[in-house]
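One-letter residues, chain by chain:
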Amino acid sequence: MKTENQRAWFFVLPVLLLVAFNALVPIMTVVNYSVQETFGNNVFFWQGLDWFEQILRSDRFHAALGRQFLFTFLILIIEIPLGIIVALAMPRKGMWVPVCLVTMALPMLIPWNVVGSMWNIFTLPNIGLLGYFMNDVLGVNYDMTQQPISAWITIVVMDVWHWTSLVVLLSYAGLVSIPDAYYQAAKIDGASPWKVFRYIQLPKMKTVLTIAVLLRFMDSFNIYTEPFVLTGGGPGNSTTLLSIDLVKIALGQFDLGPAAAMSLIYFAITLLVSWLFYTLMTKDDAQ
Amino acid sequence: MAKITLSDLRHSYLPNPSGPEDYALKEIDLDWEDGGAYALLGPSGCGKSTLLNIISGLLQPSEGRILFDGKDVTDLPPDQRNIAQVFQFPVIYDTMTVRDNLAFPLRNRGVAETRINERVSEIATMLEVEEMLDIRASHLTPDNKQKISMGRGLVRDDVNVVMFDEPLTVIDPHLKWKLRSKLKELHQRVRATMIYVTHDQTEALTFADQVVVMQDGEIVQIGTPVELFERPQHTFVGHFIGSPGMNILPAEQDQGIIRFHGEAVAIEGAVTGEGGKTELGVRPEFVTLAEAGIPARVRKVSDVGRHAVIETVVGDTPVRAVVDDADVEQGAEVHLAFRPDQTRLYRDGWISSEVSS
Numbered sequence: 001m002k003t004e005n006q007r008a009w010f011f012v013l014p015v016l017l018l019v020a021f022n023a024l025v026p027i028m029t030v031v032n033y034s035v036q037e038t039f040g041n042n043v044f045f046w047q048g049l050d051w052f053e054q055i056l057r058s059d060r061f062h063a064a065l066g067r068q069f070l071f072t073f074l075i076l077i078i079e080i081p082l083g084i085i086v087a088l089a090m091p092r093k094g095m096w097v098p099v100c101l102v103t104m105a106l107p108m109l110i111p112w113n114v115v116g117s118m119w120n121i122f123t124l125p126n127i128g129l130l131g132y133f134m135n136d137v138l139g140v141n142y143d144m145t146q147q148p149i150s151a152w153i154t155i156v157v158m159d160v161w162h163w164t165s166l167v168v169l170l171s172y173a174g175l176v177s178i179p180d181a182y183y184q185a186a187k188i189d190g191a192s193p194w195k196v197f198r199y200i201q202l203p204k205m206k207t208v209l210t211i212a213v214l215l216r217f218m219d220s221f222n223i224y225t226e227p228f229v230l231t232g233g234g235p236g237n238s239t240t241l242l243s244i245d246l247v248k249i250a251l252g253q254f255d256l257g258p259a260a261a262m263s264l265i266y267f268a269i270t271l272l273v274s275w276l277f278y279t280l281m282t283k284d285d286a287q
Numbered sequence: 001m002a003k004i005t006l007s008d009l010r011h012s013y014l015p016n017p018s019g020p021e022d023y024a025l026k027e028i029d030l031d032w033e034d035g036g037a038y039a040l041l042g043p044s045g046c047g048k049s050t051l052l053n054i055i056s057g058l059l060q061p062s063e064g065r066i067l068f069d070g071k072d073v074t075d076l077p078p079d080q081r082n083i084a085q086v087f088q089f090p091v092i093y094d095t096m097t098v099r100d101n102l103a104f105p106l107r108n109r110g111v112a113e114t115r116i117n118e119r120v121s122e123i124a125t126m127l128e129v130e131e132m133l134d135i136r137a138s139h140l141t142p143d144n145k146q147k148i149s150m151g152r153g154l155v156r157d158d159v160n161v162v163m164f165d166e167p168l169t170v171i172d173p174h175l176k177w178k179l180r181s182k183l184k185e186l187h188q189r190v191r192a193t194m195i196y197v198t199h200d201q202t203e204a205l206t207f208a209d210q211v212v213v214m215q216d217g218e219i220v221q222i223g224t225p226v227e228l229f230e231r232p233q234h235t236f237v238g239h240f241i242g243s244p245g246m247n248i249l250p251a252e253q254d255q256g257i258i259r260f261h262g263e264a265v266a267i268e269g270a271v272t273g274e275g276g277k278t279e280l281g282v283r284p285e286f287v288t289l290a291e292a293g294i295p296a297r298v299r300k301v302s303d304v305g306r307h308a309v310i311e312t313v314v315g316d317t318p319v320r321a322v323v324d325d326a327d328v329e330q331g332a333e334v335h336l337a338f339r340p341d342q343t344r345l346y347r348d349g350w351i352s353s354e355v356s357s
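Top line first, the protein sequences correspond to chains A and B.
For the first sequence, this note's numbering assigns the number 1 to the initial residue and increments by one for each residue that follows.
For the second sequence, this note's numbering assigns the number 1 to the initial residue and increments by one for each residue that follows.
Calculated directly from the structure, the hints in this document are not laboratory data.
Even glycine gets a Cβ: it sits at the ideal position worked out from N, Cα and C.
Among these hints, one or two may not hold up.
Said to hold, decoys possible - What follows is a set of in silico ranges between Cβ atoms, one per label pair, in the way DEER data are often shown: (1) B:Thr141 to A:Pro111: 48 to 58 Å; (2) B:Asp22 to A:Thr103: 31 to 41 Å; (3) A:Leu82 to B:Glu113: 34 to 44 Å.
Working from the sequences, and respecting the hints, build out all of it.
Have a look at this one:
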């Protein structure tokens, strides 16, 4: 029986067209800007890879990229373990399950710019609840509008507050899918709680954790709204993460060429690191 | 290895059980002899798994004690009871190799590494999994996974009892038979007490020397497969075991004569007790078509290979007969004869006739 023919392509064609229009075409416009210079009136001059070279050599880009990696690294090493710990502590059955789940989901339902505004008001020195408490009750000098350290602590804590729930919910989904028999067998085999975690819970959570790490990496690496609303990238440039810097170049200075080149580099880094994470975390299964 | 005694065991999943219907297990008194091969047979929800989990210590009974060789273990956790349990779905530690899986219970108990290697290779030989020792356990087929989870139980040489909770559920039919005979062989080699929980009578009857039949949280009969087949103590055992099960027929007791649909029926021996609901029990294998006897009409004849099952109705009571060759047509009027020494009387479900000596 011969079933091979080329007819399948016709079924894939609509999807290809759709992808072309919503992904390829916009990306190609960016590519177009990244290799040319324009002074308006639709007049373009060929620039080659000059913009790329300029961005890659610029200290400003290096600094923003460094801040971006630091931010992503901090939130990943806090949110992933914290999310797992909270998921482990959550009840598996009973009336508290829906209460916990809804409470966990709440932060994720709040629009991003609202989160930024909330935390801005919450942390303003002297008038915000936290700002007042830190400065006037505890006597700690805390001012995220003036001190880079305070600003960094605030954006990291804000992101942890906003997104740890995602890790919790994904881990929890992995945990509840483990049949009771595994825990019973572990009890009979005399496994310690650490071994139960290491050899039963962690392996069973691995797939969802891979997804959690990838989502949290991509989201935090591309973060814009919350820190922009909270600190506007300041004080100084201390919290100017990559996308905040990109928007400054593209819309503030209207340097379309360098901004386009930076976008493509940014995109390539995100893609590369995501691929690295994915490859490393799924390596064992392929063996 | 040990003799296991269950004394006055009762269990309820409710915090404050009030009546017998609140108990998943009602009054279990039972001895499992050292080295025996037992099957715990009963329909789903009859309390078999509850009983198993109580023996392994995963569940605390509401009342009663569990003794291993006379020593009270009721309050001991599972890992201190030295038991092994194989679950319905194979439990293996995915990220470990087969070797590490087998060594796991020993490592948790701090056994010396040389001793562990010795035991692991012994068990691997016994289970015929030597060539798989160094591959990741997650790559195994379900039947091999089930072997490994069995091996994790057997690897401890001080194991008191190995329990199987419907272990063949996920195994392909053609491998079921193989694994079952492997179990039987293992039992003969290690001589550990084994308890095999199942709702499948074939599995129970082929594995066990003694079958414990349960229904609604109660033990209805303990016996060898032959005893269960030939002389069920309860109508439930009668129709649960055998394919098709025993004919259970409404009967009247009339001054020592047992009548079924007005016809006098000879039974095995003297009738004990009186009153209650009386029923006749006769296996289809011992019902024959005869020249004279109880008039019946054939409703259906099904040829199942070596023999045929004839479904008849007497009045509106169905009676099945298993015969070697069925030369009757559907709708035919026939007469049935019951073999007297295989016909029993039951009163309120329990046997109420004696074997005449």
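*Hints breached by this structure*: Per hint list: zero violations.
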